[in-house]
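**Q** Turn these sequences into a full structure, and let the hints steer you where they fit.
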Amino acid sequence: MHIFIHNFLRRLSTFPIGLIRIRNGTGSGKTGDIHKIHSPTAATSANINNYNSKGDDFMKFTCNTNELKKAIGTAARASSTKGLKTILECILFTTENDSIRLNSFDTITAIETTIYAHIDEAGETAIPAKLLSEIISKFPDGETTIERTEKGRIRISGGSASAYLTEMEADQFPAFNHIDGEVFKITEGELKKLVSGTQFAAYQGEDKPVFTGLLFEIEDGDLSVVAIDGFRMAKRRTNWNNAKPVKVIIPVRTLREITRLLSNDDDQVKITINESACVFEAENTMIYARLIEGEFLNYNNIIPKTFKTRVRVETRLFEKSLEMSSVLAKEDGNYLIKMKVNAGSLEISAMSEYGSIDDEIPVYTEGEVLNIAFNVKYMLDVLKVIEDDEIYMEFDSRLKPCIIRPVDSDKFMYMVVPVNVRN
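Numbering of the sequence shown is given in the working numbering, commencing with residue 1 and proceeding in unit increments.
Hints in this document: simulated from the structure, not taken from any laboratory. Among these hints, one or two may not hold up.
[Unchecked claim] Each computed EDC-like pair below joins lysine to aspartate or glutamate, with the alpha-carbon atoms no more than 20 angstroms apart: (1) 340 to 394; (2) 192 to 265; (3) 338 to 394; (4) 377 to 331; (5) 244 to 222; (6) 377 to 347; (7) 185 to 222; (8) 192 to 381; (9) 320 to 359; (10) 338 to 396; (11) 70 to 141; (12) 384 to 394; (13) 247 to 219; (14) 82 to 106; (15) 411 to 217; (16) 247 to 295; (17) 384 to 323.
**A** Below is the structure:
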């Protein structure tokens with residue numbers, strides 16, 4: 001089964017780009033537009049010695065230090081860390097009425113966050129993100145002032161401390177345009193469950209870009225989120241009132257940032273989708289992702305439709321047993337564990353050059369006795385995101401994927417490909 005999946009994945013390729021926009025703090029400044037990135041590679045040619053195009057124009061603003069630390073920490077997540085001294089290693093600061101807008105972009109993800117500030121002199125500047133973040137993190141509570149004191153020179157002061165950094169040419173920073181599309185709504189908590197419950201199964205390499213994203217599929221009153229890496233599949237679903245079908249692939253890296261930034265599970269997230277992009281909008285946050293192009297695997301065709309053995313097991317009990325076995329399984333680097341399904345019990349074992357370990361836990365079983373082996377890491381990844389007290393595991397044979405489902409709903413489905421070992 002996994003050979004078929006890998007052969008299918010090998011034929012596909014694309015390149016993802018994402019953008020995140022955030023609104024923070026207590027300020028009342030304008031939030032601006034959601035933007036689409038134009039020719040981001042053009043910006044990477046700017047050298048650290050290129051000063052701000054405003055030349056001798058002064059710029060000065062003062063803001064709460066803790067809010068600034070948080071905003072810089074957020075924006076810095078999308079600044080380049082390749083050490084090439086380009087504009088993409090910077091955070092772009094732009095004054096807007098009584099607020100400061102921070103932008104960053106690393107060619108895959110871009111972040112924009114806005115905080116309240118007192119503006120003495122309007123302007124913009126691009127400051128190296130890593131240095132700025134490390135300096136600001138040491139500043140005391142209170143207020144911080146950032147100002148251009150002369151051409152190409154930025155002063156950052158707070159309390160008794162002052163630092164001077166070389167700025168880069170702000171005009172070299174990537175430009176953005178507005179995005180429109182169809183609008184839907186979901187709670188922040190539900191969105192985080194959909195993403196966190198599937199993102200671990202996304203492909204980690206660079207040779208199959210279409211599977212480095214999560215499939216968002218709206219069909220027949222359901223929203224399903226799916227990830228596949230060739231050895232496992234993760235699917236989460238929730239009820240969806242929108243009747244219009246949608247099928248898009250969103251970069252997993254951008255979605256991981258989304259789960260880190262959304263903070264109130266009960267708040268609504270507005271999702272806007274068009275043919276090339278989608279926008280996630282919460283009360284203080286807007287998150288943009290450029291969709292990944294390509295054809296996602298028709299996953300329904302690879303899910304076993306029948307089973308000869310079914311096990312009902314307590315989730316945490318099973319997880320604890322696997323974690324114990326993994327202590328030895330990981331020593332040889334293959335993470336191999338063996339399972340034997342008996343009538344009323346499940347035997348789990350692992351061995352390495354250092355020794356062996358065996359455990360037996362009570363389960364409810366249907367069907368045939370079965371011997372099967374798995375990569376314990378893949379199994380644990382699934383169990384860690386399941387909140388249900390009990391789960392079903394369904395097997396057709398020792399060489400076909402194991403299906404993991406909830407006992408009393410259809411809100412998730414996981415598939416793990418077994419390891420073919422000699423008995």
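**Q** It remains to establish, for every hint, whether it holds in the given structure.
**A** Consistency of the hints with the structure:
1. 340 to 394: Satisfied, since the Cα-Cα distance of roughly 13 angstroms is no more than 20 angstroms.
2. 192 to 265: 8 angstroms, holds
3. 338 to 394: Cα-Cα ~16 angstroms, so holds.
4. 377 to 331: Holds, at roughly 13 angstroms.
5. 244 to 222: 11 angstroms, holds
6. 377 to 347: 17 angstroms, holds
7. 185 to 222: Holds, at about 13 angstroms.
8. 192 to 381: Holds - the C-alpha atoms of residue 381 and residue 192 are around 16 angstroms apart, at most 20 angstroms.
9. 320 to 359: 10 angstroms, holds
10. 338 to 396: 16 angstroms, holds
11. 70 to 141: Holds, at roughly 12 angstroms.
12. 384 to 394: 19 angstroms, holds
13. 247 to 219: This hinted pair holds, its Cα atoms lying about 9 angstroms apart.
14. 82 to 106: Distance of about 9 angstroms is within 20 angstroms: holds.
15. 411 to 217: 14 angstroms, holds
16. 247 to 295: 10 angstroms, holds
17. 384 to 323: 11 angstroms, holds
Checked against the numbered hints above, the structure breaks none of them.
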